[in-house]
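J.: What follows is each chain in one-letter form.
There are 2 protein chains.
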Amino acid sequence: MKALIDVTLKESILDPQGAAVKEGLLKLGYHVEGVRIGKHIEVELKDMDIMEAEGIIKDMCEKLLINPVIETYTFRFEV
Amino acid sequence: MKALIDVTLKESILDPQGAAVKEGLLKLGYHVEGVRIGKHIEVELKDMDIMEAEGIIKDMCEKLLINPVIETYTFRFEV
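Sequences listed follow chains A and B, in order. The first sequence begins at 1374 in this note's numbering and counts up by one. The second sequence begins at 1374 in this note's numbering and counts up by one.
One thing to keep in mind: the hints can contain errors.
Remember, identical chains collapse to one label, so a pair may be satisfied in a single copy or spanning two.
Claimed, not checked - In silico DSS-like cross-links for lysine-lysine, where the CA-CA straight-line distance does not exceed 27 Å:
(1) K1412 / K1375
(2) K1419 / K1436
(3) K1419 / K1395
(4) K1419 / K1431
(5) K1395 / K1436
(6) K1431 / K1375
(7) K1419 / K1400
(8) K1375 / K1400
If you're looking for bench data, these hints aren't it; they were derived computationally from the structure.
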């Protein structure tokens, strides 16, 4: 089974990368109201119970994959 | 409405970042079979018809947001 984790900067944190991409899109003529850039992490796990997998992914995120001071994350599973 | 775009390296492309994170997780005692790291892009659009929004997001991805030679992408909407 595969965990799909999306890590984004907290709203209060400035996102220069997102601002630069927004500028680029506006110059190409797209009407966008905002752009934020983060990390997408895919973790392949052996098949297990979803509740168990959720616990492991939360633990991994908080211990290694994200910086809780400036980042927030969501995840879902692809079974 | 918000488009959530996940950009990953194509399977055939080496992912040193993913390999390093996998090593780190294994050292912390997690049993992972693979890790791949990509970009997560959130684009805020004014409300519009989903079909229209899909066309715009595909266009944005192919023109600016991804490198089609080495990357692939998926997207979904948060309404």
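J.: Next, verify each hint and record whether it holds.
T.: Going through the hints against the structure:
1. K1412 / K1375: Result: close both inside a copy and across copies, 16 Å intra and 17 Å inter.
2. K1419 / K1436: Within one copy only: 20 Å inside a chain, 37 Å across chains, cut-off 27 Å.
3. K1419 / K1395: between (39 Å within a copy, 14 Å between copies)
4. K1419 / K1431: Cα proximity of K1419 and K1431: one copy only (16 Å, versus 33 Å across).
5. K1395 / K1436: Intra 32 Å, inter 13 Å, cutoff 27 Å: inter-copy only.
6. K1431 / K1375: both (14 Å within a copy, 25 Å between copies)
7. K1419 / K1400: For K1419 and K1400, the Cα distance is within 27 Å only across copies (17 Å; inside one copy 45 Å).
8. K1375 / K1400: between (37 Å within a copy, 20 Å between copies)
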